[in-house]
Amino acid sequence: MNRSGAVFRFAPSPNGRLHLGHAYSALVNFEMARQTGGAFLLRMEDIDVERCTPAFEQGICEDLQWLGIEWDDVIRRQSEHFADYRQSLDLLEAEGIVYRSFLSRSEARRLVEAHESKAGPWPRDPDGAPLYPGGRFETGSGDQPHVLRLDMKAALERIGSDCRWEETGAGPEGETGTVQGNPAAWGDVVVARRDTPTSYNLSVVVDDALQGVTDIVRGRDLFHATAVHVVLQELLGLTRPLYHHHDLVLGADGRKLSKTNRDTSLSALREAGATPGDIRRMVSL
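First residue of the sequence shown: 1, per full-length UniProt numbering; consecutive thereafter.
Check before you lean on any hint, since a few could be wrong.
As the list claims (entries may be wrong) - Estimated spans, in silico, between C-beta atoms of each pair:
1. L111 x R281: 32 to 40 Å
2. C61 x G5: 20 to 28 Å
3. Q144 x E95: 22 to 30 Å
Keep in mind the hints are simulated off the structure, nothing from the lab.
Quick caveat, the model's predicted, so the values are computed rather than measured.
Even glycine gets a Cβ: it sits at the ideal position worked out from N, Cα and C.
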């Protein structure tokens with residue numbers, strides 16, 4: 001199928017070395033781009049300027065080139081585009097659907113624990129994390145540390161309850177085709193962090209729109225989060241791409257591979273004698 005105008009992207013965070021799960025996602029994106037006659041872009045999601053480093057970025061590029069993956073434009077680094085996210089955040093603030101959130105993580109955790117000790121389980125998001133226990137009417141001074149959160153109820157009142165996307169892959173329960181998301185299940189998500197004028201959820205939809213990404217191909221662990229991205233796309237008037245969520249590469253213990261857990265990196269496998277063909281076989285490509 002020729003879709004010469006299609007644009008795919010691989011967007012790792014340069015806070016560690018790539019592992020087999022990254023290799024699978026990068027290869028799937030690259031091959032889908034080549035099969036459709038589309039473009040393949042590389043983006044560095046480095047809004048965490050403390051943990052993300054040029055050395056890790058260089059390592060990512062070396063790993064991808066070793067796998068035979070080439071990208072079709074200059075690398076976009078999120079740390080160089082905070083002004084783009086600030087502009088989108090200004091639009092959300094002008095709509096009155098974001099608010100300052102002053103509770104620290106430890107304070108929020110204590111509130112949830114206190115509730116659960118007396119009244120039973122506190123609601124949780126699709127990833128299992130407790131929903132934020134604060135709200136729009138928190139009090140605090142302007143110079144007090146805070147994040148900005150999306151008032152999800154107000155956002156859904158603004159755009160309506162139709163939060164659908166077209167899925168060409170499959171969700172955890174086999175969802176495919178036209179999918180109706182449930183953004184309310186995530187509560188009031190962060191759109192700007194204490195130390196950064198953006199968040200993953202905000203920057204990813206802004207970047208995809210500015211880069212003209214038409215096909216988002218990523219792991220199934222992000223399937224439910226797509227609902228939040230659809231809400232932000234609607235609020236900001238951004239084009240909605242196609243989504244394709246793929247299987248995850250799991251470790252021997254059945255868990256998702258992670259940089260945090262120091263799973264075997266591509267560089268370590270390469271140093272041990274693995275070839276790009278070996279990596280493809282290891283991820284069943």
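Hints versus structure:
Remark: the range hint 32 to 40 Å for L111 to R281 is contradicted by a beta-carbon distance near 49 Å. Hint check: C61 to G5, Cβ distance near 26 Å, so the stated range 20 to 28 Å holds. For Q144 and E95, the Cβ-Cβ distance of about 23 Å falls inside the hinted range of 22 to 30 Å, so the restraint holds.
Going through the hint list in order, the structure does not satisfy hint 1, though it satisfies all others.
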